[in-house]
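In the order they appear, the protein sequences are chains A and B.
198 is the number of the first residue of the first sequence in our numbering; add one for each residue after it.
65 is the number of the first residue of the second sequence in our numbering; add one for each residue after it.
Keep in mind the hints are simulated off the structure, nothing from the lab.
Every residue, glycine too, gets a C-beta built ideally from N, C-alpha and C.
Heads up, a few of these hints could be off.
Claimed, not checked - Below, in silico cross-link-like pairs of lysine-lysine (DSBU-like), each with a Cα-Cα straight-line distance of 30 Å or less: (1) B:145 - B:102; (2) A:358 - A:420; (3) B:256 - B:118; (4) A:580 - A:212; (5) A:356 - B:78; (6) B:78 - A:358; (7) A:562 - A:208; (8) B:78 - A:420; (9) A:580 - A:358; (10) A:356 - B:79; (11) A:356 - A:420; (12) A:658 - A:208; (13) B:256 - B:119; (14) B:79 - A:420; (15) B:119 - A:358; (16) A:658 - A:212; (17) B:102 - B:119; (18) A:420 - A:658.
Stated by the list, open to error - Cβ pair distances, simulated, as ranges: (19) B:136 - A:647: 54 to 62 Å; (20) B:229 - A:654: 44 to 52 Å; (21) A:611 - B:107: 27 to 35 Å; (22) B:201 - A:654: 55 to 63 Å; (23) A:239 - B:201: 23 to 31 Å.
Claimed, not checked - Calculated Cβ distances over 12 Å to all of chain A for the following chain B residues: (24) 118; (25) 121; (26) 123; (27) 134; (28) 138; (29) 141; (30) 205.
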Amino acid sequence: MAFANLNLGQKVSVKYFIGAMVLFIAQMVFGLLAGIQFIQPEFLYQILDFNVTRMVHINAMIIWLLFGFLGSVYWLVEDEAGTSLVGYKLANIGFWVLSIAVTIVVLVYLFVQVGSGTQASLWLINEGREYIEAPRWADIGIVLVMLAFFYNIAATFMKGKWSGISGVLVLDLLALAGIYLAGMFYSPNISMDQFWWWWVVHLWVEATWEVLVACIMAWGLMKTINARREIVTTWLYVEVALMFGSGILGLGHHYFWIGTPEYWLTIGGFFSALEPVPLVAMLVHAVYDTGTKNLKVSNHPAFAWFIAHVFGNFLGAGVWGFFQTLPQINLYTHGTQWSASHGHLAFFGAYVTINVAMFYMAIQKIRGDQIFGSALVNKYRWKTSLALLNIGAMGMTIALLVAGYQQAFIERAVEGSTWSGFFEAQSNLTFIASMNWRLLFGVLMTIGTFVLAWDLLTIGKTNDSKNAT
Amino acid sequence: MNRENYWASQTFWKKCAIWVTAVMFVILIFLTFDSVSKITAGTERVPEYSVINKKVFYKYSEARDILVPEICCEAPLFGKKLSNDEAADLIDLGKLTIQAKNCMNCHTLLGNGAYYAPDLTKAWLDQGWINESIRENLMVDFLLDPEANARSFGTNRKMPNLGLTEDEAKAVVAYLKWMSAIDTNGFPAWFKPIYQEEE
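Chain B on its own, in the form it takes in the complex (with noise of 0.2 Å):
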């Protein structure tokens, strides 16, 4: 190393290193502040809980070339219209569930986790509950007794039973209902979604 570059000393590297890191991170707090505020529940990506009240299907958007969620309709979750207070709980207590009963380390959410279970991020609008009528009292029994009502689709990998109660059991198919509405950018790729009765 020519020492008598200033490019290649170690003056002008220090600054670089100081210069570079303080931008990027400057940069990175202004994304974070905007990308919080377009991820905050009860916004277009991200939708608020009483989505679970609501009809969540999937549609090609020739704008953005990709399967968007949408949302339509009265369809109550267990037949039940919830306020936005009592869905709120609900989310909440399948979010606790779900970290408490360490799906993550079965399964991928928003394709983050591991790798030896099924991602959930669309499950609930996912082919194997057959049609809409039966899905959601399926995905209870499911989780209420998983070697029973095993889904594993002619493998030998199943869910063990995690002792949900059913009020978890419900939460967490309130929390996959929501989840499936979040605008993913397209992810996973080319889902094939549950029948879908037209409206």
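One chain only, chain A, in its complex shape (with noise of 0.2 Å):
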């Protein structure tokens, strides 16, 4: 590949976006194996048992979409502040720590696996809670990460120039290096333990995550549609203030039933009632922008996936999480395949599509700034893969919703939510024929994940630069 095109902050964003990559093939592969499981039990038992298999998936997904993340803001750096990074040495060492650090992690989850019931295994093995099992001292190296990055990006702009989109990005990083201290502790209490580790969960992926992406998406359109930037700074702050002004409230919808208040019922319920409000001022923005435009499109794959982004966000983190936010339908819903539906789509839509748009923006500079519009050579590559990963997900999602409802009904509603009437719902016929469908999308997005690897690896090639939209 030849990188002298890219400025300094894009030379380091390539490494982050390839790393992003190969985690995302790990997350697909320890998904299907976890999706074997929930149909024939006894596959891998007692070597890779679902609790690993399930960690490493859900972990590569998080630490994926964190290079990926880590990659855009680099991408776009230097263009928005209109100067070079301050510390490419920096970004470098902040790439390979994080890196080698994941990689022993994940080695130590698979050949460790657990530990024993002292503080040492929190420290060294991990931390079994959910999202943020990386053991202690992987903690302590991912903040330093983000605060070198913190660093790197806040003084680039000041080095440079500022703009709205890159004052929401860094307060926006400040916070989201900060609540990940809020999971960095232990507690008996199991109440205070859920307590602060919402704070990370929640207040990273309905908060600072979408204010993120939100601000990647801004400087994307302008850079695949020619968006004005008034127009998309304008945006970005009505989806600030919609977006926290529900999300950071609507954390009380964990709160229903950990031991918490109960005011929290309603503050929760009424809240996140409102989080897909700025979902759909997003969509709304997109289809304005699109629409009101002579739209001429430079790069149709990361169009597509920004487009794939906004409607994915707007079904999977928005209608998806409507669908149980409300505490007398939580209380049915809470713990089912209902949540598994929601999660899949909604950092499906969220998140995993703006990566992808931006590993398409990456590579459209990698090779040689050309068009990748309908003339592009191969192109059925990009579409096949978008095809793919989408009807996964979606159908992953729709058979896990169709679980959830099973289980929500005979385990929770008729059985009494007891150990058997757990079991009798995952001994259920429509049950286990949805788990079997979950499998087989779930196959069609590893396929589709290889294919889009393919097509980054290849797309553009063979082109003639000078070929038209």
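Two chains, each in its own frame: build the complex with the hints.
Here's what the structure looks like:
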């Protein structure tokens, strides 16, 4: 690959994007293993049990999305600041520290798996807390790398120029790094543990990450369809107001059942019901921008993924979240496959999509800033991966939702939430059929991921750089 | 967008973004202080760890229209009454074990975690333990050798052997007993508890 035309930030970001893609594939492979175990529990029993395959599946996802975000920010920082990155060396050290740490953590997950009931296990093996299982030593590493990253980005903007987008971005990164600290302590009290755990998980995924992708989206729209800066910046402020206005107290929808006071039922129910509003606003924004422009798209795959992001975010995070956000419904659905259904579409729709869009932005420049339009050679590849990944994610979501309905109905409503009720629901024929369908759609997604990797490695290589849109 | 309208201007929305975020965050901080004080162990909603010396059961509350945990008479775990410090140590070992064995990536606790195995929130009160007199020993046996003592209710899904020591297994049972006494606003839905002998 020729990187001569990339700026310093973009050279760092290519590394992050490659790391992200490798972890994306790992996420898919371990997701498949976990999906098979749901149907065939004997599969890898006592070798690589479900708790390990699932942990690697969700951790690979969190980390590859983070890699993608760091890469995306490094990609746009010099362009947006109008100057070169202040700490190229620091950025590279950060990348390697993070990558080596992730590799060690995954190897320990796979080969050590679990420890004894001691603090040492939490520091060295895993913390056993969903999504933030990384052992404490790795937590400290993540925070240090994030601080170095924050310094690099903020200092670059300070050296160059600030904009509305960069202002929001830098404050958001500060919040993102700060909130992670809330998850870095141990408490024997599970109510206290989960209270702060949700500070990290919710305030990342449903607040700071959403604002981060809104910044990336704002920049991306200016680049792909020449949207006016004034318009995207105003929309970004609208989104921040709506996102934080609903998302910060929307945290309360995780505080219905963990021992926290009853007022959270009202606060969480009300504010989280508003959480889809900014996502609707984004949808309007994108449709408005594309509809009122004499649309000339210079990068078809990236733009298609930006559109997938808008719809996916709205459907997965917005609609699927809203389904079960009111406590009256959540009492029956919380902790069933409903949550898995929402989780799969929300992470895919909100975050996978925009990262893939940024991969295509990057590869376009790497291949000499050619136009990725209708004259692109082998364009069936990006279209195939787009279709497979989106159909796969949607199909998996619907299948899990059907399973969730069965579970909420049989286990919760009829059987009174007992263990025998749980297994009765798991043995229900519709539930089992749904889990089979989930696996099938998961296979489609995995194939789509490999096609995506193949496309990113080859797109534009045989193209005439003067091709038209 | 009509730029003459102040409400549609960048300045207006910038101010909105800052003020809305700041106000919501301040409210969250106040609520956090209040919630943390109400979920500290030893409060009304989250009992002290020595509750494992007592009988924990489940009762319908007419006022709240949900099932709520009730704590009554002496019922020491494994027949031994523990001091507050001993109970806290046991609960601590239980929690460390639950985290170190990565229980949460198969089970849910307070409804959070993975959905491969049953929810553990009220596991102590589950009907699967047949009756109160044999429950704690059945639980320890199960944790020490989950394959031989599988509780899969006719399915082929079973827990792997995670190599718990007897002390760890007892601590996990203590933890599950303590957790079942947390007031979870009626979660999980309309839970049918183990047969509860009348006091």
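Evaluation of the provided hints:
{"no.": "1", "hint": "B:145 - B:102", "in the structure": "26 Å, holds"}
{"no.": "2", "hint": "A:358 - A:420", "in the structure": "18 Å, holds"}
{"no.": "3", "hint": "B:256 - B:118", "in the structure": "20 Å, holds"}
{"no.": "4", "hint": "A:580 - A:212", "in the structure": "25 Å, holds"}
{"no.": "5", "hint": "A:356 - B:78", "in the structure": "23 Å, holds"}
{"no.": "6", "hint": "B:78 - A:358", "in the structure": "18 Å, holds"}
{"no.": "7", "hint": "A:562 - A:208", "in the structure": "11 Å, holds"}
{"no.": "8", "hint": "B:78 - A:420", "in the structure": "23 Å, holds"}
{"no.": "9", "hint": "A:580 - A:358", "in the structure": "38 Å, violated"}
{"no.": "10", "hint": "A:356 - B:79", "in the structure": "25 Å, holds"}
{"no.": "11", "hint": "A:356 - A:420", "in the structure": "23 Å, holds"}
{"no.": "12", "hint": "A:658 - A:208", "in the structure": "19 Å, holds"}
{"no.": "13", "hint": "B:256 - B:119", "in the structure": "17 Å, holds"}
{"no.": "14", "hint": "B:79 - A:420", "in the structure": "26 Å, holds"}
{"no.": "15", "hint": "B:119 - A:358", "in the structure": "66 Å, violated"}
{"no.": "16", "hint": "A:658 - A:212", "in the structure": "19 Å, holds"}
{"no.": "17", "hint": "B:102 - B:119", "in the structure": "22 Å, holds"}
{"no.": "18", "hint": "A:420 - A:658", "in the structure": "22 Å, holds"}
{"no.": "19", "hint": "B:136 - A:647: 54 to 62 Å", "in the structure": "60 Å, holds"}
{"no.": "20", "hint": "B:229 - A:654: 44 to 52 Å", "in the structure": "50 Å, holds"}
{"no.": "21", "hint": "A:611 - B:107: 27 to 35 Å", "in the structure": "34 Å, holds"}
{"no.": "22", "hint": "B:201 - A:654: 55 to 63 Å", "in the structure": "59 Å, holds"}
{"no.": "23", "hint": "A:239 - B:201: 23 to 31 Å", "in the structure": "28 Å, holds"}
{"no.": "24", "hint": "118", "in the structure": "18 Å, holds"}
{"no.": "25", "hint": "121", "in the structure": "15 Å, holds"}
{"no.": "26", "hint": "123", "in the structure": "15 Å, holds"}
{"no.": "27", "hint": "134", "in the structure": "16 Å, holds"}
{"no.": "28", "hint": "138", "in the structure": "23 Å, holds"}
{"no.": "29", "hint": "141", "in the structure": "16 Å, holds"}
{"no.": "30", "hint": "205", "in the structure": "16 Å, holds"}
The structure is inconsistent with the numbered hints 9 and 15, although it conforms to all the rest.
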